[in-house]
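2 protein chains.
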Amino acid sequence: MEIARPYLLFLGDVPDALAAKTATGIVDWRKDWCVGQVRLQGCAADTGLPDMSIGEGKAAGAQTLVIGAVNAGGRLPDHWVTSIVEALDAGLDVASGLHVRLGDIEAIKEAAERNGRQLHDVRLNTMTFATGKGTKRSGKRILAVGTDCSVGKKYTALAMDKAMNARGYDSSFCATGQTGVFISGRGTALDAVIADFIAGAAEWLSPETDDNAWQIIEGQGSLFHPSFAGVTLGLLHGSQPDGFIVCHEPTRTKMRGVETPLPSIQDVIDLTIQCGRLTNPDIRCVGIAVNTAALDEDEAQAYLAKIGEKHGLPATDPVRFGMEAIVDKVSAEFGAP
Amino acid sequence: MEIARPYLLFLGDVPDALAAKTATGIVDWRKDWCVGQVRLQGCAADTGLPDMSIGEGKAAGAQTLVIGAVNAGGRLPDHWVTSIVEALDAGLDVASGLHVRLGDIEAIKEAAERNGRQLHDVRLNTMTFATGKGTKRSGKRILAVGTDCSVGKKYTALAMDKAMNARGYDSSFCATGQTGVFISGRGTALDAVIADFIAGAAEWLSPETDDNAWQIIEGQGSLFHPSFAGVTLGLLHGSQPDGFIVCHEPTRTKMRGVETPLPSIQDVIDLTIQCGRLTNPDIRCVGIAVNTAALDEDEAQAYLAKIGEKHGLPATDPVRFGMEAIVDKVSAEFGAP
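In the order they appear, the protein sequences are chains H and Y. Whatever position you read off the first sequence (first residue = 1), add 22 for the numbering used here. Whatever position you read off the second sequence (first residue = 1), add 22 for the numbering used here.
The set of hints was computed from the structure by calculation and includes no laboratory data. Careful: at least some of the hints might be erroneous.
It does not matter which identical chain is used: a pair holds within one copy or between any two.
Unchecked claim - In silico DSS-like cross-links for lysine-lysine, where the CA-CA straight-line distance does not exceed 27 Å:
1) K276 <-> K158
2) K155 <-> K276
3) K53 <-> K43
4) K332 <-> K53
5) K328 <-> K155
6) K184 <-> K158
7) K328 <-> K351
All chains, full assembly: derive it from the sequences and hints.
Put into structure tokens, the structure is as follows:
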């Protein structure tokens with residue numbers, strides 16, 4: 023799916039900032055794609071964008087109302103439906119990361135048809151894909167992998183894409199999860215694809231490109247996560263990365279949502295290379311990205327120095343210390359832009 | 023899904039035996055679940071069961087009409103729809119392995135509602151699953167894995183289940199593909215599950231059972247197949263096998279449908295153990311099952327002796343030489359029944 027820009031972000035009346043993290047993520051990385059935010063009375067979240075009515079957003083050039091917040095319970099409240107219908111009647115498309123399908127709500131479906139507008143359900147996959155082929159595509163690719171789910175793979179890929187572009191590389195970000203799709207304006211939530219087509223969808227998400235162009239691919243799950251490793255392996259095979267970055271959170275002891283202990287960074291490097299060789303025999307690790315939020319600055323630097331030396335790789339916290347060290351490694355391994 | 027038995031097998035008017043391989047597979051393994059076959063004029067397939075009309079099948083006790091053949095082009099021909107409606111009106115459920123959803127055909131949907139009958143679309147997954155948990159379940163499990171797709175994993179699992187039961191083990195077959203679901207009467211086509219739930223579906227397919235009971239689980243794909251390895255890994259993690267059997271076809275050089283070379287048997291053993299340890303630290307290989315159809319009897323025996331010695335494991339062709347050697351290995355490793 024391709025989502026028309028610029029966006030008008032709908033935050034509804036969510037009771038806390040976390041419920042609007044999709045909107046916050048979009049503003050963090052694509053503020054220039056957003057004309058403003060729509061907040062209903064009582065909204066406790068704020069992206070910092072100008073507050074607007076839907077009509078004001080339309081007048082400011084918005085093409086799509088993005089539902090950038092989740093309500094409790096997963097149902098779409100009636101007063102949110104009212105806002106969505108108002109946006110469709112104003113001539114906007116609507117894109118949602120909610121579990122509920124927009125077109126399943128009669129008033130929204132009718133308003134979209136009446137106005138000839140698109141409805142995008144980013145979390146639900148409605149595309150069909152071919153099965154993966156495993157053949158080499160032109161262009162170069164970097165995949166974020168992890169010792170667990172939710173260890174900063176999306177942030178790392180976005181920061182790497184930004185740093186690569188700043189250094190003169192022709193780089194683009196490839197989204198594989200719902201917030202990422204809003205940030206890239208294209209993609210699909212890989213975990214919502216039918217199992218037979220995971221690798222095929224990953225091939226579609228990182229298509230053939232110029233020999234010197236780089237695709238920085240958002241990772242999903244972990245090869246060591248007993249719930250989601252199948253998605254991770256299909257993504258690894260389909261994205262056939264030349265390089266990968268291992269993302270890690272050093273204070274976590276068990277994998278998210280299960281009782282399984284965290285693998286070591288070396289475990290992840292070894293298994294990623296072993297499995298990744300199937301579709302890219304030259305796959306290699308280009309760095310380690312650590313979320314050091316739980317450590318103070320001295321501890322963080324000491325930790326990064328220690329694991330960098332241990333693995334012979336650049337280790338950084340993308341938030342605190344940027345991605346320059348890993349871009350240097352890419353430059354040394356694959357050449358300057 | 024649970025499919026009511028006994029079955030009446032519908033073969034339609036398919037032009038060759040291969041088009042009815044689902045029906046043939048059911049008769050090979052569960053002849054006693056079938057009361058007869060329904061063939062239309064011109065049908066070139068024959069399961070060897072008594073020919074019956076739908077009314078005769080109902081009178082013989084059939085509970086479900088199983089569409090055990092595929093027509094060319096994937097559409098359901100109008101005269102097949104007529105037979106299906108006749109079956110529903112006669113009080114039978116209908117189960118299908120076709121790509122088309124039975125309930126999407128208005129006449130079938132209406133007949134099912136009119137008669138209060140069930141429609142089962144085995145190839146389409148309509149169930150919801152939890153995500154995988156990775157926690158150890160009681161009971162013992164054997165999974166068929168492979169160097170490729172379509173190397174005899176279903177046949178091997180069924181033959182192993184039969185041989186285990188014959189030796190006095192409390193064994194059952196767990197289906198993960200469409201023909202397997204008809205043969206087990208329960209299950210889901212794992213490749214049709216949403217990617218996030220592969221491991222969770224595999225956990226549901228091989229649930230907690232008695233400590234001494236064995237589940238023999240149909241495999242899917244290969245960890246080395248660039249299209250389907252994600253399904254294979256999710257199945258491995260979810261099924262947490264105690265033992266696995268590597269299935270192999272010795273004349274194949276490339277993996278099915280792609281240009282990727284076949285892995286070695288040792289590659290498959292090593293990676294299956296490495297990944298399988300995540301949810302069962304004691305996972306081990308209990309044997310090798312080879313489809314030797316392309317070899318004459320002497321060649322087959324020589325080949326099996328060679329790879330058996332090389333890997334220190336029993337190697338057999340389930341069709342030609344049975345599964346006794348692998349049951350012996352299970353008995354030696356895990357104890358007599």
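- Task: Enumerate the violated hints, using their earlier numbering and listing them in ascending order.
- Result: Violated hints (numbers, rising): 4, 5; every other hint is consistent with the structure.
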